[in-house]
Structure formats: structure tokens, C-alpha cells
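**Q** So the chains spell out like this:
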Amino acid sequence: MSRTVGALLRKELLVELRTLESVPGMALFAVTTFVVFHFALNQSTVSGQEAAGILWVTLLFAAMLGVNRLFVADADQGGFDGFLLAPVDRNAMLIAKALALLCYLVVLELVAVPAFGLLLLGPSLGQALPGLLAPLALTDLGLAAIGTLVAALAVRTRARDLLGPLLALPLLVPVVIGGARSSSELLAATHPGGLQARWLLTLGLYDLVFGLIAYAVFDFLLED
Amino acid sequence: MRTPSLRTLSVATVLAFGFSLSLVFFYAPIEVDQGFLQKIFYLHVPLAIVALCGFVIGGLLAIAHLRTGDQRWDLRSYVAIHMSLIFGVGVLLTGSIWARASWGHWWVWDEPTLVSFLIVFLLYATYSPLRFAIEDPERQARYASVFAIVAGAFVPMNFIAVRLSASYVHPRVLGSTSNLPGPMALTFLVSLGAMALLFATLCSYELAAKRTRILLKSRSRILGYQ
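From first to last, the protein sequence lines are chains X and F. Take the first sequence: its position 34, counting from 1, is numbered 34 in the working numbering, and each next residue is one higher. Take the second sequence: its position 14, counting from 1, is numbered 1014 in the working numbering, and each next residue is one higher.
Read the hints as simulated data drawn from the structure, not as lab findings. For glycine and all other residues, C-beta sits at the position ideal for the given N, C-alpha and C. Take these hints with a grain of salt, some might be off.
[To be verified] Chain X stretches covered by chain F per the calculated footprint, using a threshold of three residues with CB under 8 Å from any CB of chain F: (1) 149-159; (2) 166-173.
[Said to hold, decoys possible] Computed Cβ-Cβ distance ranges for the label pairs, DEER-style: (3) F:1209 to X:1: 31 to 39 Å; (4) F:1210 to X:209: 43 to 51 Å; (5) F:1015 to X:222: 48 to 56 Å; (6) F:1015 to X:36: 54 to 62 Å; (7) F:1220 to X:81: 29 to 37 Å; (8) X:44 to F:1210: 53 to 61 Å; (9) X:189 to F:1138: 54 to 62 Å; (10) X:89 to F:1093: 46 to 54 Å; (11) F:1086 to X:201: 30 to 38 Å; (12) X:41 to F:1068: 36 to 44 Å; (13) X:21 to F:1033: 56 to 64 Å.
Given only the sequences and the hints, what does the whole structure look like? Please build it.
**A** This is the structure in C-alpha cells:
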């Protein structure tokens, strides 16, 4: 299993490195969205709950771009058929795709979070950054699990570009609640507070449950 | 197992609804704070409970479909979710009316139950678009079942998350049956039973219609029409 996952993950990352289809687009989208937020809100700096909301919504929408593209090559160019012919556990594909999406999200955040600190955030990012790591990591896990499941569900439908986000956004509302609420006090302009453990716990639990559900049902999406 | 006929179910539903409505209007006392308007509670809350149960039942039926591979379970799951979605429209409408009457706004964000119901409703609204965007009938059933299971598990999770997110909970007029006075609790339970019966009857009608349509299609194919 782990060898299969390793091989699939290497293939995913290699394809992404050679084509650069997802990650640069996601990062560019996030930075452009910050600019759009600046003009839409007509504010040069944001803080607190507003800042956390903007950061999380931007990450969510940028992640949607990656989710939409995650299985397109496999569906259009026979990747699914090749994988199904191999005598390996099918869940390896779920894990490899989720890990690949996780890598994309980490790279996205390496660009988007500093850009956010530079362009929009009022309080200094340096102080808040260590505290932001935990909610960002848990958000990434949730996005990777749910995103992979939704991508696999939507990719072989007629309107896949439309259905992916439509399915994913309601499922990800609890992730946004958890991420944005847990970090709102970290980003406060005056007297920044700590993380809120209650939210991290909710987020972690949600990730776990949907990780398990994705693992349980993914098999049925490949069965043909 | 013999299921009751459509006629029996319809008659039972009409009787149960008549009984529950007469209890609502003539037996249940008028609530002190909200007056007559509180009676929408006997419509709104049973609708919501039945719709949510219908969503979860749709998920359970989908599990049965994936385990057995029998398409009939998928048809049942589809009908349960479809009907719950229709009930869901009723929940949002009656909820809005009630919110307007008691809090003065058509929509209130700090009522976690209403907000979580909206999120669940938005998720299930994508069930039909997803289902009918897949042409192959076998794959359509399988993908719809996967969706139904994921969404069915999402219903309780979402309610927990949204409830946690409400920093303060609105003073709840009638939160649960435990703090209802006797006649109100009785009326509520009868309304809930009538609503569940209505749901079952409508589902049976839709199932019968779908089965007939499938039968007709297969017959006309045998006879060589079209």
C-alpha cells in the first residue's frame, strides 16, 4: 500500500512540476483575490475576525481551483483505466491524491499567507504566524480529504466545473467556521489573544470523520 | 412483508392531519408571549425533524444500495432525499415566517438551527444536478449513493459545528419538548406523527409513479414502440 501511494504521489507531483497546471494558478488567484478584497472593502488594512475571514475564504476558493483540476487528467487521458488495471488497493489513489492536494495547499499557503501579511493584514504577521500554523494545518487536512472526495465525485459528470464547487462549499462550511474562528483573536489589532482550542478540536474531529468517510466510500467511485 | 396500500396510507394521513390540526387550533393553549402565531411551531418543527430524518434515511438506504448493488435501494434513497428537499423548502418558508413574527426579521443568523438547516439544504440542492449530470444509469446510482452517504453524515456534524459557532444562543421559546406544558407537548407529538405519515405517503406515491414509469418503459420496449 505505502509503495503504491508513494509511486502515485511521485507521479502526481512530477506531472504538476512538468505542467504547472494547478499550483501557480492557485497562488496567483489568492494574491489577486486579496487585491480584489482591498478594493471591495475599501480598506488598506484588516484585522481580527475580518482578517481571518478574508484569509480563509481566499484559501478556500483558491483550493477549489486545485480541487477542480485534481482528477481531470485521469478522467480525460485514461489515468483511471491504467490505475484500475493494476492489482493494487484502490484507496491508494485516494491517499495519493489527498497528499498531492495537501502539498499544493502548503505551497499555496507559503505564497498566500505572506502576501496577505504584506498586502492586507494590519497587525504584524510575525507574531501571529506560529499560532496560525495549527489551524492552517488542520484546514489543509480537511480541504484535502473533502476536496479529493468531491473532485472524484464531480469529475465524471457533464458539468464538473460547476458541480465541484457546489458540492464542496457546503461541506466545507464547518472547516471555514473552525479555521476562521480559531484564529480571529490571533489576528486582532489590539491585544492579540491566543488560539481557541475548542475550535481546533472541532476542526480536528471534522477532518477525522470526513477522512474516514472518504476512505470508506472512495472505492465505489472507481468501480467500472 | 406486505406494505399498506396507497389508499390506506392516504386515508390514514388525511385523518391524522385532520386530528392534529384540530388539536393545534382547538386544544393547544395560546402561548402567552407570541399569541396565535406560535401555532406555526406545530408545522415548522415537525417539518424540519421529518426532513432531516429523511435526509439521514436517504443515506442509510444508499448504504444498503452500495452493499447489495440492488438498484431498488437507490430508487428509495432518491425518493427519500427528493421528498425531504421539498419538505426543506417548507421548513425554510415557515421558519422565515416565524422568525419575522417573533423577532421582526425574515432571517436571523444567530439561530443556529435555522442556519445549519440552510447549509444542509444547500448541500442537498446539489443532489439532483449531480445525479442527472451522469448519463450511465448504473454509475448514476452509485455516485448518487456515495453523495447521499457523505451528506447524511454531514447533517449531524454540521449541526454540531454551527451550534458551537453561535456565540450566544437566542433565547429559545420552545426548544425541546421537555419544557413544553402537557397539552402543547401532546399536540406537538401528534403533529409530528401526522407529518411523518404524510412523508411516508408522499414517498410511496412517488415510488409507485417511478416504478410504473420504469415498467411502462420496459413494456413499450418489448412491444417495439420507439
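**Q** Each of the hints needs a verdict: does it hold here or not?
**A** Against the structure, the hints come out as follows:
no.: 1; hint: 149-159; verdict: holds (count 7)
no.: 2; hint: 166-173; verdict: holds (count 6)
no.: 3; hint: F:1209 to X:1: 31 to 39 Å; verdict: violated, 46 Å
no.: 4; hint: F:1210 to X:209: 43 to 51 Å; verdict: violated, 32 Å
no.: 5; hint: F:1015 to X:222: 48 to 56 Å; verdict: holds, 49 Å
no.: 6; hint: F:1015 to X:36: 54 to 62 Å; verdict: holds, 58 Å
no.: 7; hint: F:1220 to X:81: 29 to 37 Å; verdict: holds, 35 Å
no.: 8; hint: X:44 to F:1210: 53 to 61 Å; verdict: holds, 58 Å
no.: 9; hint: X:189 to F:1138: 54 to 62 Å; verdict: holds, 57 Å
no.: 10; hint: X:89 to F:1093: 46 to 54 Å; verdict: holds, 47 Å
no.: 11; hint: F:1086 to X:201: 30 to 38 Å; verdict: holds, 36 Å
no.: 12; hint: X:41 to F:1068: 36 to 44 Å; verdict: violated, 53 Å
no.: 13; hint: X:21 to F:1033: 56 to 64 Å; verdict: holds, 59 Å
The structure shown violates the earlier hints numbered 3, 4, 12.
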